[in-house]
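Student: Chains as they are written, first to last, in my numbering: chain G, 17 to 348; chain H, 17 to 348; chain A, 17 to 348.
Source of the hints: derived by calculation from the structure; they are not laboratory data. Note that the structure is a prediction, hence the values are computed from the model and not measured. Don't take every hint at face value.
Copies of the same chain are indistinguishable here, so a pair counts whether it falls within one copy or spans any two.
Claimed, not checked - Subject to a maximum C-alpha distance of 27 angstroms in a straight line, what follows is the list of computed DSS-like cross-link-like pairs (lysine-lysine):
(1) LYS106 <-> LYS283
(2) LYS195 <-> LYS283
(3) LYS54 <-> LYS42
(4) LYS348 <-> LYS54
(5) LYS42 <-> LYS348
(6) LYS24 <-> LYS42
(7) LYS348 <-> LYS49
(8) LYS185 <-> LYS42
(9) LYS49 <-> LYS286
(10) LYS139 <-> LYS49
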Amino acid sequence: MQHFLTTKDYSKTQLQAFIDSAVRLKNGNFYEKPLAGKSVALVFFNPSLRTRASMQIAIYELGGNPVILETGSTSWSLEYRENIVMDGNKTEHIKEFVRVLSRYVSAIGVRCFATLENWEIEKTDPVLNAIAGYAEVPVFNLESAMHHPFQAMADMMTLKERFGEKRPKVLLTWAFHPKPLPMAVPNSFALAASQMGFDLRIAHPGGYQLDKQLMDEIQAFAKENNSTFEFTDDPDAAFDDIDAVYAKSWGSNLYYGNYEEEARLRKPLKDKWIVNESKMARGNDPVFMHCLPVRRNVVVTDSVIDSPNSIVIDEAENRLHIQKAILAEILK
Amino acid sequence: MQHFLTTKDYSKTQLQAFIDSAVRLKNGNFYEKPLAGKSVALVFFNPSLRTRASMQIAIYELGGNPVILETGSTSWSLEYRENIVMDGNKTEHIKEFVRVLSRYVSAIGVRCFATLENWEIEKTDPVLNAIAGYAEVPVFNLESAMHHPFQAMADMMTLKERFGEKRPKVLLTWAFHPKPLPMAVPNSFALAASQMGFDLRIAHPGGYQLDKQLMDEIQAFAKENNSTFEFTDDPDAAFDDIDAVYAKSWGSNLYYGNYEEEARLRKPLKDKWIVNESKMARGNDPVFMHCLPVRRNVVVTDSVIDSPNSIVIDEAENRLHIQKAILAEILK
Amino acid sequence: MQHFLTTKDYSKTQLQAFIDSAVRLKNGNFYEKPLAGKSVALVFFNPSLRTRASMQIAIYELGGNPVILETGSTSWSLEYRENIVMDGNKTEHIKEFVRVLSRYVSAIGVRCFATLENWEIEKTDPVLNAIAGYAEVPVFNLESAMHHPFQAMADMMTLKERFGEKRPKVLLTWAFHPKPLPMAVPNSFALAASQMGFDLRIAHPGGYQLDKQLMDEIQAFAKENNSTFEFTDDPDAAFDDIDAVYAKSWGSNLYYGNYEEEARLRKPLKDKWIVNESKMARGNDPVFMHCLPVRRNVVVTDSVIDSPNSIVIDEAENRLHIQKAILAEILK
Numbered sequence: 017m018q019h020f021l022t023t024k025d026y027s028k029t030q031l032q033a034f035i036d037s038a039v040r041l042k043n044g045n046f047y048e049k050p051l052a053g054k055s056v057a058l059v060f061f062n063p064s065l066r067t068r069a070s071m072q073i074a075i076y077e078l079g080g081n082p083v084i085l086e087t088g089s090t091s092w093s094l095e096y097r098e099n100i101v102m103d104g105n106k107t108e109h110i111k112e113f114v115r116v117l118s119r120y121v122s123a124i125g126v127r128c129f130a131t132l133e134n135w136e137i138e139k140t141d142p143v144l145n146a147i148a149g150y151a152e153v154p155v156f157n158l159e160s161a162m163h164h165p166f167q168a169m170a171d172m173m174t175l176k177e178r179f180g181e182k183r184p185k186v187l188l189t190w191a192f193h194p195k196p197l198p199m200a201v202p203n204s205f206a207l208a209a210s211q212m213g214f215d216l217r218i219a220h221p222g223g224y225q226l227d228k229q230l231m232d233e234i235q236a237f238a239k240e241n242n243s244t245f246e247f248t249d250d251p252d253a254a255f256d257d258i259d260a261v262y263a264k265s266w267g268s269n270l271y272y273g274n275y276e277e278e279a280r281l282r283k284p285l286k287d288k289w290i291v292n293e294s295k296m297a298r299g300n301d302p303v304f305m306h307c308l309p310v311r312r313n314v315v316v317t318d319s320v321i322d323s324p325n326s327i328v329i330d331e332a333e334n335r336l337h338i339q340k341a342i343l344a345e346i347l348k
Numbered sequence: 017m018q019h020f021l022t023t024k025d026y027s028k029t030q031l032q033a034f035i036d037s038a039v040r041l042k043n044g045n046f047y048e049k050p051l052a053g054k055s056v057a058l059v060f061f062n063p064s065l066r067t068r069a070s071m072q073i074a075i076y077e078l079g080g081n082p083v084i085l086e087t088g089s090t091s092w093s094l095e096y097r098e099n100i101v102m103d104g105n106k107t108e109h110i111k112e113f114v115r116v117l118s119r120y121v122s123a124i125g126v127r128c129f130a131t132l133e134n135w136e137i138e139k140t141d142p143v144l145n146a147i148a149g150y151a152e153v154p155v156f157n158l159e160s161a162m163h164h165p166f167q168a169m170a171d172m173m174t175l176k177e178r179f180g181e182k183r184p185k186v187l188l189t190w191a192f193h194p195k196p197l198p199m200a201v202p203n204s205f206a207l208a209a210s211q212m213g214f215d216l217r218i219a220h221p222g223g224y225q226l227d228k229q230l231m232d233e234i235q236a237f238a239k240e241n242n243s244t245f246e247f248t249d250d251p252d253a254a255f256d257d258i259d260a261v262y263a264k265s266w267g268s269n270l271y272y273g274n275y276e277e278e279a280r281l282r283k284p285l286k287d288k289w290i291v292n293e294s295k296m297a298r299g300n301d302p303v304f305m306h307c308l309p310v311r312r313n314v315v316v317t318d319s320v321i322d323s324p325n326s327i328v329i330d331e332a333e334n335r336l337h338i339q340k341a342i343l344a345e346i347l348k
Numbered sequence: 017m018q019h020f021l022t023t024k025d026y027s028k029t030q031l032q033a034f035i036d037s038a039v040r041l042k043n044g045n046f047y048e049k050p051l052a053g054k055s056v057a058l059v060f061f062n063p064s065l066r067t068r069a070s071m072q073i074a075i076y077e078l079g080g081n082p083v084i085l086e087t088g089s090t091s092w093s094l095e096y097r098e099n100i101v102m103d104g105n106k107t108e109h110i111k112e113f114v115r116v117l118s119r120y121v122s123a124i125g126v127r128c129f130a131t132l133e134n135w136e137i138e139k140t141d142p143v144l145n146a147i148a149g150y151a152e153v154p155v156f157n158l159e160s161a162m163h164h165p166f167q168a169m170a171d172m173m174t175l176k177e178r179f180g181e182k183r184p185k186v187l188l189t190w191a192f193h194p195k196p197l198p199m200a201v202p203n204s205f206a207l208a209a210s211q212m213g214f215d216l217r218i219a220h221p222g223g224y225q226l227d228k229q230l231m232d233e234i235q236a237f238a239k240e241n242n243s244t245f246e247f248t249d250d251p252d253a254a255f256d257d258i259d260a261v262y263a264k265s266w267g268s269n270l271y272y273g274n275y276e277e278e279a280r281l282r283k284p285l286k287d288k289w290i291v292n293e294s295k296m297a298r299g300n301d302p303v304f305m306h307c308l309p310v311r312r313n314v315v316v317t318d319s320v321i322d323s324p325n326s327i328v329i330d331e332a333e334n335r336l337h338i339q340k341a342i343l344a345e346i347l348k
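Chain G with its partners taken away, still in its complex shape:
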């Protein structure tokens, strides 16, 4: 039984095979219904539009029955800790919830965002890992505190579509946003890019470094693939010689759960950390990427996101195809 929690659990060869399969699906060369008669649970601890739509359709197009469960208003009412007296506000233990679901469905997808409250706990992805640990069927990650692997794989597929066998030089740049956001998307993008052997530069202001352990793992993948991996805190020079720009905002783990302190660090960055035409002009006619939703004229200017170099809609479309490819594989 294979889960799909992070790309880290898969080899470069396997990731490449997923992309090849997704390209075939996108071209329509796939007529089987590998999920015929099977139900798949999609458990949302958090709201979702794009992931919800694309996963439902992916499962439907593979012949299966998507079953959406929203913990919604009772969000986080599932207890994940062991040996606990449940006399508080948690009404069910993940142990029962997951074991029961395992009797009903062939796989379980889970979205459980970071709550941005306690970094030491959240960096271990406790909810996702508890679910995967108890499940008797494959579990796949629809975005957890630390990872968003389907998004990263859709991004890798979109880069492959654009660059083919060429090894692109990719910039992951922090961007300003009115609120601190989770780190799952930048984590997974950087990880997958290094696993694929792309040259990777990460740009962020002081105080916004990503998880040290993850950066060490990425360094190891870069070494293995003979690719480069570098950092900068210069929001302009970051774009020099770049083939692909991936913009994303995230919070500071120095002030995790401390919104006011973080706001003080963030506020002066507003005008400097936006992707605009003059920065893009420093690159190698780069494509512009973002996972969406995106705040126009805050993260990126209209002129960049509306330009022919913007491939954000392709990334979103590829979510559907890569999800079909990966589900077909782990559920076969």
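Since the structure of chain G is provided, determine the placement of chains H and A on it from the hints.
Tutor: What follows is chains H and A alone, placed relative to chain G:
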């Protein structure tokens, strides 16, 4: 590519063809699955029970896969204005939302009620029109600020079932309700009735006139069809010689967004503007119609809505059939 | 037309036939799609994860189309009383809601919990019975104020799996819980166990008696089946000679709607009314049962629910099979 936003965009011949097709579907003479393998998004900015159920079933019975998306708690978090710095509470632009959905689905249904805040903006149906403008697939209206065309078409089908080739004399009468309501239903009913060539009388108290531009359009359709179009503010004489009574409450656009002023205008109308047996007796044994949900003994008495002349359940049933007919046509 | 509102409406022979059919379904000996082309409404006045998932999948596996409707945020906005002026906060009468749904779907499932406000009203199951009264298609109960018959039937099936033709001695024991809970589960379990002819003991502290009329009906079934039916308020001796322990908390109908008074009665019961290993040791190597969700180390200790004698996950799985069996029968 054809949208279905208002009946105004279709000729009388086309509207009649939708009704004929819906009657065939109701009689079971339709075995094709024109939506087989296709997904259709149903985007709800507002709650819904009847529309949600009937559209899901319509799509299922046509062979397709309904995908429900609720902006729900994050209602109106989609920005529709151009050239805007998105540093407020809107997290995604409709431009991205709709272009992404267009890659996933074969059509997009949208419910976006009036917010009853700014009449000059809302009368232009800005959200619906922004969605239709960016979409690369057909968009259909599940009730916008100004129109509810599926409801109107179900109403027209129900009138055709009752009156056949006879041209009924139809009364649209304002009714009391504890709160101001949107005008989409009366707008679309009056518009469709005039397009179909029915004789139309609209009764409402002072201050509750419908949109001037729409009334002019209705007048033009009446002229084209040689049918009558008249107004009255007499809640009793309004019923004289009438074949069909359509009751509906709506708010005053004089006090749009000003609930307290509107309440002062509305309050004294309570006892006068209810459909009851004595009013119905002035008509030509008229049928009683309402789009539902309806407040019993406020909008209409139990004795009228429970009488054999009440066709409100038929109207609701016909939503299913007319929606199938129209979707099959615009998605063929 | 047959509803499925409570097991009381079915004979022992019929209940046994449902279980036999469910066992065949569980073993995979069932290839028909009795709901092909049919839509079934699932109306939730209250949240649900397990019932929602298992019913959706049951309907899908029978070939049908589940249509979920949540009155949700507008919970209880349906009026059920006759002859009422609807000028309050209820926006639609159940009469219209149900008659319209009857035109769209082949059956209607309803979840409408007790609101724990007025015992004299709620013991009559007014919402469920109003829906069943107006419906023109079969209605089935997904848990009402007084009954949860699918849960009880899944429990009976699980007991049959364990004990075969043996007549088990079953204990239904009250358990501590931080809040007063509805009585639908204990009511339906006790009722079904007596209908099946099992020996039944009910243990609860003073003030927590179940409905008098229901207990009289159970007494009559016990007499008819020559089985025993007894009560105790001793939380330990209750376990003597028992084959199966069913734990469940419920509120006191003496203090119905009076949470503070009830809390005073409940608080001192905390340490005494938990299912633990020493109590279980008094029984006849009994199985442990619970409908889930369960609060670990409040209702039952980890050591009991994690032991091989715990059959709580089997009960939950059997929900799927028994629901398929019963739906296939009442919708045939």
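Student: Please work out whether the CA atoms of LYS195 and LYS283 approach to 27 angstroms or closer within one copy, between two copies, in both situations, or in neither?
Tutor: within (10 angstroms within a copy, 43 angstroms between copies)
Student: At most 27 angstroms between alpha carbons: which applies to LYS106 and LYS283, within, between, both or neither?
Tutor: Between. Shortest inter-copy distance 19 angstroms satisfies the 27 angstroms Cα cut-off; intra-copy 36 angstroms does not.
Student: Within a copy, between copies, both or neither: where do LYS24 and LYS42 come within 27 angstroms Cα-Cα?
Tutor: Answer is within: at 25 angstroms inside a copy they meet the 27 angstroms cutoff, but 38 angstroms across does not.
Student: Classify it for me, LYS49 with LYS286: is the Cα-Cα distance of at most 27 angstroms met within a copy, between copies, both or neither?
Tutor: Classified as neither; 48 angstroms inside a copy, 53 angstroms across copies.
Student: Is it within, between, both, or neither for LYS348 and LYS54, if the alpha carbons may be no more than 27 angstroms apart?
Tutor: Both. Shortest intra-copy (11 angstroms) and inter-copy (24 angstroms) distances satisfy the 27 angstroms Cα cut-off.
Student: Are the CA atoms of LYS54 and LYS42 at most 27 angstroms apart within a copy, between copies, both, or neither?
Tutor: Intra 22 angstroms, inter 15 angstroms, cutoff 27 angstroms: intra and inter.
Student: Is it within a copy, between copies, both, or neither that the alpha carbon of LYS348 lies no farther than 27 angstroms from that of LYS49?
Tutor: both (10 angstroms within a copy, 24 angstroms between copies)
Student: If the cutoff is 27 angstroms on CA atoms, where do LYS139 and LYS49 land: within, between, both or neither? Let me know, please.
Tutor: neither (37 angstroms within a copy, 46 angstroms between copies)
Student: At most 27 angstroms between C-alpha atoms: does LYS185 with LYS42 qualify within a copy, between copies, both, or neither?
Tutor: within (25 angstroms within a copy, 55 angstroms between copies)
Student: How do LYS42 and LYS348 come out at 27 angstroms by Cα distance, when the copy is not named: within, between, both, or neither?
Tutor: both (19 angstroms within a copy, 22 angstroms between copies)
In summary, the numbered hints that this structure violates are 9, 10.
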